[in-house]
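**Student:** Numbering (this note's numbering), first residue to last: 1 to 280.
Since the hints were derived computationally from the structure, they do not count as laboratory data. Keep in mind it's a predicted model, so treat the numbers as computed, not measured. Heads up, a few of these hints could be off.
The following label-pair restraints were derived from C-beta to C-beta distances [as the list claims (entries may be wrong)]:
(1) D210 <-> E97: 20 to 30 angstroms
(2) H70 <-> D5: 35 to 45 angstroms
(3) G30 <-> E53: 34 to 44 angstroms
(4) T204 <-> H70: 30 to 40 angstroms
(5) T29 <-> E97: 17 to 27 angstroms
(6) H267 <-> D48: 43 to 53 angstroms
(7) V52 <-> R16: 41 to 51 angstroms
(8) E113 <-> R16: 44 to 54 angstroms
(9) V67 <-> R9: 23 to 33 angstroms
(10) D5 <-> D210: 18 to 28 angstroms
(11) T29 <-> A59: 22 to 32 angstroms
(12) V67 <-> H267: 19 to 29 angstroms
(13) R9 <-> E113: 13 to 23 angstroms
Ideal Cβ positions, reconstructed from N, Cα and C, are used throughout, including at glycine.
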Amino acid sequence: MKWTDDIDRGAWLRERIPFDGGYATVAGTGWEAYARILHPVRASGEVDGTFVEHEWTWAEAARRRGVGMHPLVGWNTIGRQDGPVEVDGLFLSPGQEGLLEPRLLRHLVGVLEGATSTPDDIAIGVWDGFGLETGTSSEAALAVWSGQNEAEPRAALTDAELWALTERLAEASVAKLLTGNPPQPSQVPLLELPNREYYLAVTTLHELGDLAEHDDDLEMGVNLIWPGDHQWLVASEIDFDSTVVGGSKGLIERIVNHPDLEAFEVHETDHFDVDARTVS
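Working from the sequences, and respecting the hints, build out all of it.
**Tutor:** So, in structure tokens, the structure goes:
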């Protein structure tokens, strides 16, 4: 994997991502079909004096809460956005926004490999707000990688020191698997899409699978993935609790039917709604 300044790789996305709050438009308009992959729910609490943490599917959380499931279900139907909900002595937290967990990414990569003629030509987009650069976004990086900077108060650091610290913190993220240091704005242009900007990197599906295989503790992740032949697009929008995939009908069927992915088929006109209770 390596960073790239070839932002023309993403030019085809600009007219296909209007970013109007829809699941499908996050992954680009015009696909034959779309899948919504739900990010796992966290269930944690103290049981018999011991802290436990479990990863549940949304379906399991919904079953225990006595609510129904459907392709557009919103988290507020099951839990709450503003805090955990207690179920059977455990507290439920929503799936992590903007990050498909490495374990699930591994399974997804296995499906994607059969749906492109260019598995060795893969582009990935990393949201610039993760704070890979200097200045104010380095401050954001320190917030993202919280708990790892106790020895160095942020306010006392110069931009140069912040940059050095950001490099070290990035070793715990996707950046450590990319060739070279995390990019700076003066060095690498950003892919500008509606309401979002991304650093781009190039890789292969095999390498992407390795990223997921060897790092189960990513604090930041890959937000966009697409192959050189543009046969599909994977989008983990930073504010969504689900990852959306656009592609062929056959690809989406394989994703939805994968035993290790909790996924539903959605449609181009469907919209994200944390309060969704019934199919719109």
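**Student:** Work down the list of hints and note, for each, if the structure agrees.
**Tutor:** Do the hints match the structure? See the list:
At roughly 25 angstroms, the beta-carbon separation of D210 and E97 lies within the given 20 to 30 angstroms, and the hint holds. Checking the proposed 35 to 45 angstroms range against H70 and D5 shows it holds: the Cβ atoms sit about 43 angstroms from each other. At roughly 40 angstroms, the beta-carbon separation of G30 and E53 lies within the given 34 to 44 angstroms, and the hint holds. In this structure the supplied range 30 to 40 angstroms holds for T204 paired with H70, their Cβ-Cβ distance being about 36 angstroms.
The beta-carbon spacing between T29 and E97, approximately 22 angstroms, falls within the hinted interval of 17 to 27 angstroms. One distance hint, 43 to 53 angstroms for the beta-carbon pair H267 and D48, holds here, with the actual separation near 46 angstroms. Judged by the Cβ atoms, the range 41 to 51 angstroms given for V52 and R16 holds: they are separated by roughly 43 angstroms. At about 23 angstroms, the CB distance of E113 to R16 disagrees with the hint of 44 to 54 angstroms.
A hinted range of 23 to 33 angstroms for the beta carbons of V67 and R9 is inconsistent with their spacing of about 42 angstroms. The given range of 18 to 28 angstroms is respected by D5 and D210, whose C-beta atoms sit roughly 24 angstroms from each other. The hinted range of 22 to 32 angstroms is satisfied by T29 and A59, whose Cβ atoms lie roughly 29 angstroms apart. The hinted window of 19 to 29 angstroms between V67 and H267 holds, with their beta carbons roughly 22 angstroms apart.
The given range of 13 to 23 angstroms is respected by R9 and E113, whose C-beta atoms sit roughly 20 angstroms from each other.
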